[in-house]
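With these hints in hand, go ahead and build the complete structure from the sequences.
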Amino acid sequence: MSMIKKIKNFDLKNFFIKNKSAKKTTEIKVNNIVYLVKINKFISNTSLEVSFFLKNSNKEAVTIPKIGNLIFIFRSNSGSYHIPIAIKGKKESELSYSIELDGEVLHVEKRKYDRIKVNIKTKYLINSIRYNGIIENISPTGAKLIAENRIEDTELLLDVSSIPISISNISCKIIWSKKITNQKYSYGLNFQFDNPNNQHEIRNWIY
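Reading the sequence shown from the start, the letters are residues 210 to 416 in our numbering.
Source of the hints: derived by calculation from the structure; they are not laboratory data.
Just so we're clear, the structure is a prediction, and the values are computed from it rather than from any experiment.
Keep in mind that a hint or two might mislead.
Once the Cα atoms are required to be at most 20 Å apart in a straight line, the calculated EDC-like pairs of lysine to aspartate or glutamate come out as [to be verified]:
#1 Lys297 to Glu313
#2 Lys393 to Glu357
#3 Lys247 to Asp220
Given below as structure tokens:
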């Protein structure tokens with residue numbers, strides 16, 4: 210399972226320079242709309258200037274609704290960093306925002322279970338609608354799902370009836386997504402178990 214650590218006095222500027230993330234983007238969802246966030250420049254060790262782009266049309270910067278705090282998630286070799294951010298100001302002419310670190314950063318270490326490659330046809334349920342998919346790899350804590358449609362939700366119910374365990378469905382959180390082709394997407398799923406014994410069953414089946 211992943212370990213979570215709180216980091217005090219986090220140096221935002223040094224983190225992005227060290228991890229070469231200054232030119233990269235991350236995704237956030239505001240009012241069910243997915244935006245790409247691009248870092249423009251560093252203002253200080255705890256503040257940045259960023260621009261927001263619509264996920265499916267990232268040519269021009271856009272404004273975002275007035276909101277409180279955001280959580281930016283950036284991944285590195287050691288795991289993922291969940292960075293709490295407060296929007297402090299906006300440049301109307303440039304459609305850019307000044308943002309500032311607002312609280313303790315969470316570091317989620319990489320999972321300690323290796324995922325094994327599989328090719329299991331499955332179905333997943335979103336808002337009572339079933340869709341076809343393929344489980345490409347799996348571990349006791351999650352799986353990689355290949356699907357033919359874009360999933361905008363953050364949760365789904367995964368059919369695992371083809372796996373010899375006592376439950377037929379697992380609630381999952383979508384922790385990342387990637388477009389493979391125009392008609393195929395991959396999703397990283399984190400299992401949400403009501404009963405820890407179900408995780409042990411999957412572990413015993415895999416290993």
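field: Structure-inconsistent hints, enumerated in ascending order
entry: Going through the list in order, the structure violates no hint and respects every one.
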